[in-house]
Amino acid sequence: MAENNQSRNPEIQYIRVLQMENGSLDMEKAVHDYDPEKVPVKGHFYMPVQCQQCKNPPCVKVCPVHATWQEPDGITVIDYNWCIGCRYCEAACPYWARRFNFTKPSIPADRLNPEMDYLSNRPRSQGVMEKCHFCLQRTRAGRYPACLEVCPTGTRKFGNILDPNSEVSYILKNKRVFIQLKEELGTSPRFFYYFDV
Amino acid sequence: MITAIRNYYVFLGRCARIAFVGDWRYYAWMGLLTVFCLLGLNAYCRQFAHGLVTTGMSDQVSWGVYIANFTFLVGVAAAAVMMVIPVYIYDNEELHDLVIFGELLAVAAIFMCLAFVTVDLGRPDRFWHLIPGIGQLNFPASMLSWDVIVLNGYLLLNVHICGYLLYSRYQNKKPAKWFYIPFVFIAIIWAVSIHTVTAFLYVGLGGRPFWNQAIIGPRFLASAFTAGPALIILALQVIRHVTQYRITDKALLTLRSIVQVSMIINVFLLMCEVFTEFYAGGLHITSSKYLYLGLHGYHALVPWIWTAITFNLTAMVLLVLPVSRSLKWLNLTCVLCITGIWIEKGMGLVIPGFIPTPLGQIVEYFPSINETLVCFGIWAFGLLCYTIFLRMAVPILQGELSKANEGI
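Residue numbers (the working numbering), protein chains in the order written: chain A, -11 to 185; chain B, 800 to 1207.
Among these hints, one or two may not hold up.
Estimated spans, in silico, between C-beta atoms of each pair [to be verified]: (1) Pro939(B) - Pro24(A): 47 to 57 Å; (2) Leu1131(B) - Pro36(A): 49 to 59 Å; (3) Ile801(B) - Pro111(A): 28 to 38 Å; (4) Ser176(A) - Pro939(B): 16 to 26 Å; (5) Arg110(A) - Asn806(B): 33 to 43 Å; (6) Pro111(A) - Leu955(B): 35 to 45 Å; (7) Phe847(B) - His32(A): 41 to 51 Å.
Straight-line Cα separation of at most 25 Å, PhoX-like style, residue types lysine-lysine; simulated pairs [said to hold, decoys possible]: (8) Lys972(B) - Lys170(A); (9) Lys49(A) - Lys163(A); (10) Lys17(A) - Lys1088(B); (11) Lys17(A) - Lys30(A).
Please keep in mind that the hints were generated in silico from the structure rather than gathered at the bench. All C-beta atoms, glycine included, are put in the ideal place defined by N, C-alpha and C.
Construct all of the structure, not just a fragment, from the sequences and the given hints.
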């Protein structure tokens, strides 16, 4: 939140971690609100969902004003100054990854992250869309996205799939199970899930 | 040339003036509509200042009753074609003098459509981003860009046709065929296109199985051709009641048969959809389950949809029976059709597409009071426009307002 200058009131978050029952990937059985004493709850696993950075992003296709597009490095971004707030992309996204500023976002002045990028973490205005952008301001400078750095279990991996020697390439080649969420929709996410057990 | 322009200005001036003249019923009606318009405007100002947080929408249900009304009204606008086709293709005499009332309704409906999409925008001040040249219209990839084009095109076509025919009648000249007949035929195809494109807006979203079905387009057309002519019947009844304009029973009954056939097709298509969803089952039917039966204890839409189905079925039975040949019963039937289809296409189509969300979460939607006031305001504005159009058109068609009596 601090990294990306997210609105604190109302809160806007890019990642939703679903609590799933073992044995099913049916998201309808997922629990969205949970607050147990200890995680993981026995018999459950956790599935974080955020922008999947699709290769064929439906959100880009439907935007009537070209306010959102895919960058050459594959990240789908939004120009907050061009978005008209029609929310068609929010309806089109199969991963519920987009968020709308229903009112003026607020960030306490002392919590503002001054290291900003035009297409990523600069503060947004009322009435426009926003979403996860893999922390462009960090990743393009050769750093990991903030979510990787804060993950306490090292579950998240990030890297260049095109580089055969990268860690992510190794995982995709060698780990037993990996999935692309809603693969049947043809969106071809560049966000993969794998099971390391 | 200069006289022609001057004449046209005189015409526009007289039309504008007559809009402010009427009997006490006219003033009462217009006064009431103005009050609602202002209430709506006030509510919209609140929304403009505080954002869409003043509505019942959320990230989970990101379109609500604005887009629902928009969808319904595109249908009403398209339905004018159901009077145009009998008149211009089959030379129906009864409807001939009435077709213009249908086209004027289309104009008013498009005004309302444009208002509904504008109030739905988070940044209405940036609407110009849609204008090719100064903005960046994502054409042809985005269905919304198609919608912008077809709706505005349809508006222009109808304004041209109505305006030209009325001005010719005002001048007591025979309208030049080449100057409007080609546009009439373009408008016929265009009318079908506006509603098809609006359906494709939903159908094109692969991540929303409730909308991602080919039958939505045909269903849109069938329901539009039911609700639209039903609305025209009611409007004609009012015109007949409050003016001297002659409208035959036969004309109304012709429209009745249009509503009749469309309603039967509409109910049939609905049945096809319900069968496909529920018989095969599977995971993709959860939205339908939520709509018709409720899901995991959430059932905000269930009373709505069953009201709609009851209204539609009752209307269909009444339309098939000879009883709806009596005009009183026909009025009731039309009200049932309009309400039933408004619910079915509005709340019944837009909202369940979002419930559950693509991640399986169920968040229900209830329109807020502010949002409802905006809707009433826009409807009042549309009716206000339509009333003004009729106030101008009826005396022109009757010859009371013409070039011959200028200056009297």
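- Query: Okay, Ile801(B) versus Pro111(A) on CB: inside 28 to 38 Å?
  - Reply: The hint (28 to 38 Å, Cβ to Cβ) is violated, given that Ile801(B) and Pro111(A) are roughly 56 Å apart.
- 25 Å limit on alpha-carbon distance, applied to hinted pair Lys17(A) and Lys1088(B): holds, 15 Å
- Cβ separation of Arg110(A) and Asn806(B), checked against the hinted range 33 to 43 Å: At 57 Å between Cβs, range violated.
- Item | Straight-line alpha-carbon gap Lys49(A) to Lys163(A), limit 25 Å | Between Lys49(A) and Lys163(A) the Cα gap is close to 33 Å, so the pair fails against 25 Å, i.e. violated.
- Query: Between Pro111(A) and Leu955(B), does the beta-carbon spacing fit 35 to 45 Å?
  - Reply: Given range 35 to 45 Å: holds, Cβ gap about 41 Å.
- Task: Note whether the CB distance of Leu1131(B) and Pro36(A) lies within 49 to 59 Å or breaks it.
- Result: For Pro36(A) against Leu1131(B), whose Cβ atoms are near 55 Å apart, the range 49 to 59 Å holds.
- Query: Okay, Ser176(A) versus Pro939(B) on CB: inside 16 to 26 Å?
  - Reply: holds, 22 Å
- Query: Is the straight-line distance between the alpha-carbon of Lys17(A) and that of Lys30(A) 25 Å or less?
  - Reply: Satisfied, since the Cα-Cα distance of roughly 16 Å is no more than 25 Å.
- Message: Tell me if the beta carbons of Phe847(B) and His32(A) are separated by a distance inside 41 to 51 Å.
- Response: Because 44 Å falls inside the window, the suggested range holds.
- Message: Just to be sure I understand the hint, the distance between the Cβ atoms of Pro939(B) and Pro24(A) should be within 47 to 57 Å; is that true here?
- Response: holds, 50 Å
- Please work out if Lys972(B) and Lys170(A) have their alpha carbons no farther apart than 25 Å. violated, 64 Å
Violated hints for the displayed structure, listed by number in ascending order: 3, 5, 8 and 9.
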